[in-house]
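2 protein chains.
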Amino acid sequence: MNISLTETAEFLKNHDNYYILTHQSPDGDTMGSGFGLCYALRQIGKNANVLCSDEFPKRYHFMYEGYEPQKFSPETIVAVDVADKKLLGTKLIQYGDYVNLCIDHHVSNLHYAERLLVNPDAAAACEVIYQVLGEMGIEFTKQIAECLYTGIATDTGCFKYGNTTQLCHIITAHLMDCGIRMEQINREMFDTKSKARLKVEQHINSAMEYYLDDKCAMVAVTLDTMKKTGLALEEFEGIAGMSVQAEGVQVGVVIREKDKGKFKVSMRSASDIDVSAICQKFGGGGHVKAAGCTLEGPLDDVKLRLLSGIAPAMGIDLWLA
Amino acid sequence: MNISLTETAEFLKNHDNYYILTHQSPDGDTMGSGFGLCYALRQIGKNANVLCSDEFPKRYHFMYEGYEPQKFSPETIVAVDVADKKLLGTKLIQYGDYVNLCIDHHVSNLHYAERLLVNPDAAAACEVIYQVLGEMGIEFTKQIAECLYTGIATDTGCFKYGNTTQLCHIITAHLMDCGIRMEQINREMFDTKSKARLKVEQHINSAMEYYLDDKCAMVAVTLDTMKKTGLALEEFEGIAGMSVQAEGVQVGVVIREKDKGKFKVSMRSASDIDVSAICQKFGGGGHVKAAGCTLEGPLDDVKLRLLSGIAPAMGIDLWLA
Chain P
69 MNISLTETAE FLKNHDNYYI LTHQSPDGDT MGSGFGLCYA LRQIGKNANV
119 LCSDEFPKRY HFMYEGYEPQ KFSPETIVAV DVADKKLLGT KLIQYGDYVN
169 LCIDHHVSNL HYAERLLVNP DAAAACEVIY QVLGEMGIEF TKQIAECLYT
219 GIATDTGCFK YGNTTQLCHI ITAHLMDCGI RMEQINREMF DTKSKARLKV
269 EQHINSAMEY YLDDKCAMVA VTLDTMKKTG LALEEFEGIA GMSVQAEGVQ
319 VGVVIREKDK GKFKVSMRSA SDIDVSAICQ KFGGGGHVKA AGCTLEGPLD
369 DVKLRLLSGI APAMGIDLWL A
Chain R
69 MNISLTETAE FLKNHDNYYI LTHQSPDGDT MGSGFGLCYA LRQIGKNANV
119 LCSDEFPKRY HFMYEGYEPQ KFSPETIVAV DVADKKLLGT KLIQYGDYVN
169 LCIDHHVSNL HYAERLLVNP DAAAACEVIY QVLGEMGIEF TKQIAECLYT
219 GIATDTGCFK YGNTTQLCHI ITAHLMDCGI RMEQINREMF DTKSKARLKV
269 EQHINSAMEY YLDDKCAMVA VTLDTMKKTG LALEEFEGIA GMSVQAEGVQ
319 VGVVIREKDK GKFKVSMRSA SDIDVSAICQ KFGGGGHVKA AGCTLEGPLD
369 DVKLRLLSGI APAMGIDLWL A
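These protein sequence lines map, in sequence, to chains P and R. Heads up, the first sequence is in my numbering, so the first residue is 69 and it goes up one at a time. Heads up, the second sequence is in my numbering, so the first residue is 69 and it goes up one at a time.
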């Protein structure tokens, strides 16, 4: 059942003993939503804990500085930024059928919760949580403000992506008044990389190949390369975006060998070209600007097949080129 | 003479035939201020041109799409984002002593203009221009809004740096209502790099060395390397920031050989360490988080001297290490 902002605020004020569930592989938005809501509920005298199937990442240490789980029997289950109960992960899936309230921003939310407050226009669940806390009359402490700011900033690539809303900016202007350590948080979120990540990026940049009048950038990482160079698989998140960073590139492709001779292809568009349509030809799919497919065969064949799919979208006839 | 926002608006409404001067090596803020103001003045029937000692960079093409210089005799000279008349550059220095109005945000402004509107708390001159145009009752067209947005976004690293003000966010929320191509502008400003730049970044990353328990990152680029690798000198802007991007690094150093055996050192702090104090020991200076100096000698000596200056600030005794 979809409920309104006011109904959500009423529900939260009228219940107690909260387990707040975040999604597995937690990001800044689910963490910020979870801890922001938890501190707000504690502020009005409720018992509340934040739960996650994975450990809280050190990256978000400032959100749970001084946080201690409370001892109580859970009565109310709230999920934040969790579009599908499957995303609760191994430890929390036990609560999947008993979620009393879900607060989210994914248009794809599967309505698994008893009550759902979802705003698909919001860039981040933290944007929705901010509105709920406002409706509840919560005081935006520095701690709450830092949680919400981080969710908004990370989900928008620091206000860079197309999902950034006017409300993101307006909320941030308010949160800056609450003493948030904006500069430090931004540095940790956006300007600091692990050495393992730097190594992966370096490899991707140096192995990048340019085709089709330099309008297509393509890079392949084989199992062999992974083994030889010691690149860390967990550091590949979001790496596909690197394929379209060079000036003039319209379509970028990252090919990663998952099993021997089986390649996972991530395609990005930095132009009007619909990469989802291209990937569909190869049995894949996705969005207009970000899509993928899986191809088998020798790597050179895979590259050639991809190029023959991409070239027509650029108005290039491969066989005349 | 310092004048107020209202006085500035009155001045602009009561004069005509404007030459708007931008600074040399134009960035997004001086360009956005110049064109934003120019379109605003034309909107209320004035003659106005934007001038620069350098060519308008292609990077900011969307600011001057459809712009044509008008023919008229200049009567009023306005400089935007120009802290020092010397920054007008070779072509525009002729106007240096005749600037009727300067609109700026640099605390270091040298008061060379007849009238000065300066707000040192503003992150960008475009933030000040926005307020002036508001005071003048200008309609914020898409074109004007894109100019001002770009100045604010580029001067704050897309709302990432510590200089970002609440007003930056509030203004942006408004400008988003004026039809700006936010996503496209952000992509061009922040996610697109020339191949020459990618090559420089790649070299810097691969040549980075770590010292002092990995708390100090240091990279040197010699004249020899520049020659061998064909790195483009003009692509080194802002490269010093890369020295502090690895997790755990407190002080980063980029050493560039300017003349044979003469090294320009750029030092950055990602901690409480005051790199300006360290650089002062070597006859240099700067800010707490960004400073520099020049050292001579064989490169290995230069590195060792720098490390011996940095180590004590980290509480590390080099000779015991």
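For the record, the hints were derived by calculation from the structure and aren't laboratory data. Any given hint might turn out to be false.
The list treats identical chains as one, so a pair stands whether inside a single copy or across any two.
Said to hold, decoys possible - Straight-line C-alpha distance at most 25 Å; calculated DSS-like pairs for lysine-lysine:
| no. | residue 1 | residue 2 |
| --- | --- | --- |
| 1 | 283 | 295 |
| 2 | 159 | 126 |
| 3 | 283 | 263 |
| 4 | 126 | 283 |
| 5 | 81 | 261 |
| 6 | 267 | 296 |
| 7 | 263 | 357 |
| 8 | 267 | 371 |
| 9 | 154 | 267 |
| 10 | 326 | 114 |
| 11 | 371 | 263 |
| 12 | 332 | 283 |
| 13 | 295 | 261 |
| 14 | 81 | 114 |
| 15 | 349 | 126 |
| 16 | 283 | 261 |
| 17 | 126 | 154 |
| 18 | 154 | 326 |
| 19 | 332 | 139 |
| 20 | 126 | 261 |
- Query: Checking residue 267 and residue 371: alpha-carbon separation at most 25 Å within a copy, between copies, both or neither?
  - Reply: both (24 Å within a copy, 24 Å between copies)
- Item | Intra- versus inter-copy proximity for residue 283 and residue 126 (alpha-carbon distance at most 25 Å) | Classified as between; 19 Å across copies, 39 Å inside a copy.
- Message: One pair to classify: residue 81 and residue 114, alpha carbons no more than 25 Å apart. Within, between, both, or neither?
- Response: Classified as within; 9 Å inside a copy, 58 Å across copies.
- Task: Up to 25 Å between alpha-carbons, please classify residue 295 paired with residue 261: within, between, both or neither.
- Result: within (22 Å within a copy, 30 Å between copies)
- Can you give me the call for residue 283 and residue 261, within, between, both or neither, at a CA distance of at most 25 Å? This pair counts as between: shortest inter-copy Cα distance 14 Å, intra-copy 28 Å.
- Message: Checking an output row: residue 154 and residue 267, CA cutoff 25 Å. Within, between, both or neither?
- Response: neither (32 Å within a copy, 42 Å between copies)
- Message: I want to check one pair: residue 283 and residue 263. Are their C-alpha atoms no more than 25 Å apart within a copy, between two copies, both, or neither?
- Response: Classified as between: cross-chain Cα gap 12 Å, same-chain 30 Å, threshold 25 Å.
- Is it within a copy, between copies, both, or neither that the alpha carbon of residue 263 lies no farther than 25 Å from that of residue 357? Between copies only: 22 Å across, 29 Å inside.
- Using 25 Å as the alpha-carbon threshold, which applies to residue 81 and residue 261: within, between, both, or neither? Neither. Shortest intra-copy (40 Å) and inter-copy (50 Å) distances fail the 25 Å Cα cut-off.
- Homomeric proximity label, residue 326 with residue 114: Cα distance no greater than 25 Å: Neither, since 47 Å and 63 Å both go past 25 Å.
- Have a look at residue 126 and residue 261 and pick one of within, between, both or neither, based on CA distance no larger than 25 Å. Cα proximity of residue 126 and residue 261: one copy only (13 Å, versus 31 Å across).
- Message: As a check of your reading, is residue 154 near residue 326 (CA-CA no more than 25 Å) within one copy, between copies, both or neither?
- Response: within (23 Å within a copy, 58 Å between copies)
Hints 1, 5, 9, 10, 15 and 19 from the list above are not met by this structure, while the remaining hints are.
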